[in-house]
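Enquirer: Listed below are the residues making up each chain.
Number of protein chains: 2
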Amino acid sequence: MELKNDLLLRTARGEQVERPPVWLMRQAGRILPQYRAIRSSLSGFKELVETPALAAEVTIQPVDELDVDAAIIFSDILVIPEAMGLPYELVEKKGPLFPKTIQNLQDVQALQSGENAAAELQYVFDALKLTKEGLNGRVPLIGFSGAPWTILSYMVEGSGSKTFSKAKKFLYTQPQAAHLLLQKITDTTIAYLKQKIKHGADLIQVFDSWAGILTPAQYRVFALPYIQQICEAIDEVPITVFAKGAWFILDDLKDVSCQTIGLDWNMNAALLRQQMGINKVFQGNLDPCQLYAPIKEIEQAALDMITNFGRKHIANLGHGVYPDTPLDGVKAFVNTVKNYSY
Amino acid sequence: MELKNDLLLRTARGEQVERPPVWLMRQAGRILPQYRAIRSSLSGFKELVETPALAAEVTIQPVDELDVDAAIIFSDILVIPEAMGLPYELVEKKGPLFPKTIQNLQDVQALQSGENAAAELQYVFDALKLTKEGLNGRVPLIGFSGAPWTILSYMVEGSGSKTFSKAKKFLYTQPQAAHLLLQKITDTTIAYLKQKIKHGADLIQVFDSWAGILTPAQYRVFALPYIQQICEAIDEVPITVFAKGAWFILDDLKDVSCQTIGLDWNMNAALLRQQMGINKVFQGNLDPCQLYAPIKEIEQAALDMITNFGRKHIANLGHGVYPDTPLDGVKAFVNTVKNYSY
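Line by line, the protein sequences give chains R and B. The first sequence begins at 15 in this note's numbering and counts up by one. The second sequence begins at 15 in this note's numbering and counts up by one.
Isolated chain R, as found in the complex (with noise of 0.2 Å):
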């Protein structure tokens, strides 16, 4: 079905436009009343996530109440480690957990990967298809993974962390079985961005939500070349990198085979476009916060952000919407870059 709205798809093509897109990471989310009354109508927080019509639903509801200009696919990065054979569960107000971890070698190799573990997946594909039925070519549909470290990360931490230090633990000390666990993750990663893609995804988003705990040396050695393998092997859609924290590797990344990087609010567009040159898109990077602040100020906010950051621009915040942000303060972010013009 042909797109009534396709600017994110133009933009991140590198064409000129008349404007950034916008939307907003975590949109589907606890900031919506909509979103809301779901949520509290059931079990947890995964029922939401293997419900195909709910997750279709909750997917929708920023594009009616929001006006952005994508959709992105309600679901977690965790999925990939339980369709591997590593269930998770989600902790109210703690965050996830894994009941099981990975300590060592053999852990690694008792694990699925590739089409097998992504065809596990079928839930979320479900959800994909049943949304663009329902966003009926409104917008484009952004499908997502987790970066292959941020997923090693959390299987051998076993839950969040602030300084993930039994992941990079495994690091230093197995680096084969470490390796080997992030070569299953991406193809598993790979197989399921296709499935995501063939099933309706307009755009690949990739988070590396942990990269910056890691030093440059180790970015280079267990994160890059992985996710080098998953921007080579996506080649129908364009696709976006989001390594948060990891100002370090941005002139790395210039090489990677992705149309689109993530910058977080610490980041300097016009610098990093002097530095990278322009063969890239740019997304981001208000300070999630800047939207509890008064209107007046997040209006003029979004316009220093939309004019530091020049063309070759996705407007976004440099993180996922915080819950308790106040619904008029997104709308006032949306509706500034929605009434710019370059």
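It should be emphasised that the hints constitute simulated quantities derived from the structure, not laboratory data. Among the hints, erroneous ones may be present.
[To be verified] Straight-line Cα separation of at most 16 Å, EDC-like style, residue types lysine to aspartate or glutamate; simulated pairs:
| hint | chain 1 | residue 1 | chain 2 | residue 2 |
| --- | --- | --- | --- | --- |
| 1 | B | Lys208 | B | Asp249 |
| 2 | R | Lys183 | B | Asp249 |
| 3 | R | Lys180 | B | Asp338 |
Based on the hints, put chain B in the right spot on chain R.
Expert: The following block gives chain B in isolation, referenced to the frame of chain R:
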């Protein structure tokens, strides 16, 4: 009393030295069996902080066991909010918790500050005095505080946080109250550090642990000016500023009146030396997780670090040493530095 080993101070003053001095952030702590023995006999971490004889004892333990070039007084950055009127608890495996937090201008106005507040911390000053006696001039004693932004972030947030979104919201929505609070923290910190110096601190380190979560613009408004006030006021001894994660502000730190800049493990020391010139000493920055690696790799990494930094370098980790780090790994790091000569 004259110091038998003043390598740290000569380095911090920019003198030519024979090798980098070495110590570890959190060296007085769970990595040492001697520490764990004392800690397990007590009701909690705060009892250790608040009992001068015990605080002095654990401060000296790493000098005995590791033969490092400095002691750092065992204490906590959160004694400052407590002295200002906001008591904290330390919840095992969860971190700090403030039963009462700062919500608005009235809360800020109710806090005491400056010398009156610092006078509440006699137990810290007593611990310094006892430590100096116990060290008997073997190595210098480091005193420390949190940077005003980091202290504010706990006082507003009430606990640790991945996002510190409440604290950042406070900056965006109540900037006047935030500035008053930052000034009160700064005044208290200066009075506190001056007392620490009177009681024997030979060098001061200011920890801005949550520097990295501010935007560059916020850091310049809400963090840096208060750090500069502290650095200007402390002219008795050298001062180190460690703004963790704030790679984006290093160019500004160049102009702050401190002798030494702490670097985390993301930073490229050789590149920073090029960018920042030679007027600052750098401290850091081995990845604390590197100490989980095999001994030979730790030794090589320590040598690589020394080479990368060149002169004007205080060897340390890029963060506090993690509690489960093998003692042999810590010793391999320390001894590699001690056996080096320029």
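Enquirer: Hint by hint, note whether the structure agrees.
Expert: Results of checking the hints against the structure:
1. B:Lys208 / B:Asp249: Holds - the C-alpha atoms of B:Asp249 and B:Lys208 are around 9 Å apart, at most 16 Å.
2. R:Lys183 / B:Asp249: Status violated; Cα separation ~41 Å.
3. R:Lys180 / B:Asp338: Given pair R:Lys180, B:Asp338 holds - Cα atoms ~10 Å apart, limit 16 Å.
Consistency with the previously given hints fails for number 2 only.
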